[in-house]
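> Okay, here's what each chain looks like letter by letter:
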Amino acid sequence: SQQGEEDPQALSIQEGENATMNCSYKTSINNLQWYRQNSGRGLVHLILIRSNEREKHSGRLRVTLDTSKKSSSLLITASRAADTASYFCATDSSGTYKYIFGTGTRLKVLA
Amino acid sequence: SQTIHQWPATLVQPVGSPLSLECTVEGTSNPNLYWYRQAAGRGLQLLFYSVGIGQISSEVPQNLSASRPQDRQFILSSKKLLLSDSGFYLCACRTGGTEQFFGPGTRLTVL
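The listed protein sequences derive, respectively, from chains A and B.
The working numbering applies: residue 1 is where the first sequence begins, and numbers increase by one.
The working numbering applies: residue 1 is where the second sequence begins, and numbers increase by one.
For reference, chain A alone in the conformation it holds in the complex (with noise of 0.2 Å):
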């Protein structure tokens, strides 16, 4: 069954606004990690949270990790036309060697 699933689906936006989009998994994880991908590309990798840390930044990107909830976030500020593609979260479950992909959310940013 499905691992990661996030949340929403589909998210449309001006350029200039900030977008989040949440995941949720269901077992205990060793690292979430969020990917971008393009349309009809491979996915690229964004930022990796371990399961001991609360909050990560990286540029424009702020990724939260609640293991209580099972849940994590992924928030774009200041969007960009270019910020337009899926995104995915890919947990690694403990003990486990494989990372398991969410459904995905479809972001489009409106110029």
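Because the hints were derived from the structure by calculation, they are not lab data.
Quick caveat: nothing in here was measured; it's all calculated off a predicted structure.
One thing to keep in mind: the hints can contain errors.
[What the hints assert, rightly or not] Derived CB-CB ranges, DEER-like: (1) B:P8 to A:N38: 39 to 49 Å; (2) A:D7 to B:T109: 22 to 32 Å; (3) A:R50 to B:Q2: 16 to 26 Å; (4) B:Q2 to A:L75: 27 to 37 Å; (5) B:K80 to A:S68: 39 to 49 Å; (6) A:D7 to B:I53: 31 to 41 Å; (7) A:E53 to B:A40: 28 to 38 Å; (8) B:W7 to A:E17: 34 to 44 Å; (9) B:T109 to A:Q9: 17 to 27 Å.
Note that the Cβ used here is the ideal one computed from N, Cα and C, for glycine as well.
Put chain B on the given structure of chain A with help from the hints.
Quick look at chain B alone, frame taken from chain A:
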């Protein structure tokens, strides 16, 4: 940093024909390697992963198989393709127990 190559980039095959997709990795050694499939507009489904030469774990029963003849080579195969095998196939690599990186993908259309 590692580079992941996949070929071909696109492939159109008739139902019942064989399949061989290749993934090679540069810039790292003894990686964990993964095959994912992504249906149109959907998330990623983990198909196979390998922690070493000749070691393959299958996640989903199907008519696909995987092999790892060399440390940095991962092959996805089928003896007879089905229509349902159409999709975007992504190879991924993971070393050091942290980030997972993806290749550019192969788009397979089975007619």
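> Compare the structure with each hint and give your call.
Structure-based check of all given hints:
no. : hint                       : verdict
1   : B:P8 to A:N38: 39 to 49 Å  : 20 Å, violated
2   : A:D7 to B:T109: 22 to 32 Å : 31 Å, holds
3   : A:R50 to B:Q2: 16 to 26 Å  : 21 Å, holds
4   : B:Q2 to A:L75: 27 to 37 Å  : 28 Å, holds
5   : B:K80 to A:S68: 39 to 49 Å : 48 Å, holds
6   : A:D7 to B:I53: 31 to 41 Å  : 40 Å, holds
7   : A:E53 to B:A40: 28 to 38 Å : 34 Å, holds
8   : B:W7 to A:E17: 34 to 44 Å  : 40 Å, holds
9   : B:T109 to A:Q9: 17 to 27 Å : 25 Å, holds
Hint check: a violation occurs at hint 1 only; the rest are consistent with the structure.
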